[in-house]
Amino acid sequence: MFQPSQHDVRRFFCEVLAKQRAGQVLTPIETLAAGWVDQHPEYHGDLSDVDAALAAVYDVQEGRTNPFLHLAMHLTISEQVSIDQPHGIRQAVELLAARRQSLHDAHHEVMDCLGEMVWASQRSGLPPDGHAYLDAVRQRATR
Numbered sequence: 001m002f003q004p005s006q007h008d009v010r011r012f013f014c015e016v017l018a019k020q021r022a023g024q025v026l027t028p029i030e031t032l033a034a035g036w037v038d039q040h041p042e043y044h045g046d047l048s049d050v051d052a053a054l055a056a057v058y059d060v061q062e063g064r065t066n067p068f069l070h071l072a073m074h075l076t077i078s079e080q081v082s083i084d085q086p087h088g089i090r091q092a093v094e095l096l097a098a099r100r101q102s103l104h105d106a107h108h109e110v111m112d113c114l115g116e117m118v119w120a121s122q123r124s125g126l127p128p129d130g131h132a133y134l135d136a137v138r139q140r141a142t143r
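In the working numbering, the protein residues as written are 1 to 143.
Calculated from the structure, these hints are not laboratory results.
One thing to keep in mind: the hints can contain errors.
Claimed, not checked - Calculated cross-link-like contacts (lysine to any residue; reagent style SDA-like; alpha-carbon spacing at most 25 Å):
| no. | residue 1 | residue 2 |
| --- | --- | --- |
| 1 | Lys19 | Ser5 |
| 2 | Lys19 | Glu30 |
| 3 | Lys19 | Ala55 |
| 4 | Lys19 | Ala34 |
| 5 | Lys19 | Gln39 |
| 6 | Lys19 | Ala52 |
| 7 | Lys19 | Asp8 |
| 8 | Lys19 | Val50 |
| 9 | Lys19 | Gly35 |
| 10 | Lys19 | His7 |
| 11 | Lys19 | Leu75 |
| 12 | Lys19 | Thr31 |
| 13 | Lys19 | His44 |
| 14 | Lys19 | Leu69 |
| 15 | Lys19 | Pro41 |
| 16 | Lys19 | Ala97 |
| 17 | Lys19 | Gln3 |
| 18 | Lys19 | Arg100 |
| 19 | Lys19 | Asp51 |
All chains should be built: construct the whole structure from the sequences, respecting the hints.
This is the structure in structure tokens:
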């Protein structure tokens, strides 16, 4: 399994924006990431300076979203949907997107569920519970 470091993730998104702005050819995963970067112009400043991005600290107490974590979660959810893993996530996200009339808004709700799953796993010391995650997304999609 590929486990990029924090710096790898930050470099990746910075490079995506730089390549996109320069009109360079993007790989398939970069193209997917570029779509989410386009949806978040408020992060372009953070992505424009690699050195500053690598040094930045996003403290919860500051109340500012970590743009790299946010974009990585969009990418994670996109990949989960593309391979339907956990099984049923594609249908749940599609239903949620239809209900919210926005894939982007649906992703933000799924992020809450994904973050909760990761937090619960870290707190309990148990592996992430994909079933609970899927159930949480399904609940949002049906209300």
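The hints, checked one at a time:
1. Between Lys19 and Ser5, the direct Cα distance comes to roughly 21 Å. Compliance with the 25 Å bound is thereby established for this hinted pair.
2. For a cut-off of 25 Å, the pair hint linking Lys19 to Glu30 stands: about 9 Å separates their Cα positions.
3. Straight-line distance between C-alpha atoms of Lys19 and Ala55 comes to about 21 Å, which keeps the hinted pair within the 25 Å bound.
4. Annotation: proposed proximity of Lys19 to Ala34 holds, straight-line Cα distance about 9 Å (limit 25 Å).
5. A threshold of 25 Å between alpha carbons decides the hint, and for Lys19 with Gln39 the separation of about 16 Å falls inside it, so the pair holds.
6. Proximity of Lys19 to Ala52 is assessed by CA-CA distance (about 18 Å); at most 25 Å being required, the pair is judged to hold.
7. Between Lys19 and Asp8 the alpha-carbon distance is near 16 Å, which keeps this suggested pair within the 25 Å criterion.
8. Among the hinted pairs, Lys19 with Val50 is consistent with the structure: their alpha-carbon atoms are about 13 Å apart, no more than 25 Å.
9. Taking the CA atoms of Lys19 and Gly35, the gap is near 13 Å; set against the 25 Å cutoff, the hint holds.
10. Restraint check for Lys19 and His7: satisfied, since their Cα atoms lie roughly 18 Å apart, inside the 25 Å limit.
11. Between Lys19 and Leu75, the direct Cα distance comes to roughly 18 Å. Compliance with the 25 Å bound is thereby established for this hinted pair.
12. For a cut-off of 25 Å, the pair hint linking Lys19 to Thr31 stands: about 10 Å separates their Cα positions.
13. For the hint linking Lys19 to His44, the alpha-carbon distance of about 13 Å falls within 25 Å, and the restraint holds.
14. Among the hinted pairs, Lys19 with Leu69 is consistent with the structure: their alpha-carbon atoms are about 20 Å apart, no more than 25 Å.
15. Restraint check: the Cα-Cα separation between Lys19 and Pro41 comes to about 16 Å, which is no more than 25 Å; the hinted pair holds.
16. Between the alpha carbons of Lys19 and Ala97 the distance comes to roughly 29 Å, so the proposed pair goes past 25 Å and is violated.
17. Distance restraint check for Lys19 and Gln3: the Cα-Cα separation of roughly 23 Å lies within the 25 Å cut-off, and the hinted pair is therefore satisfied.
18. Of the supplied pair hints, the one linking Lys19 and Arg100 is violated, its CA atoms being roughly 32 Å apart against a limit of 25 Å.
19. For the proposed pair Lys19 and Asp51, the alpha carbon gap of about 16 Å is at most 25 Å, so the pair holds.
In summary, the structure is inconsistent with hints 16 and 18 from the numbered list given earlier, while agreeing with the others.
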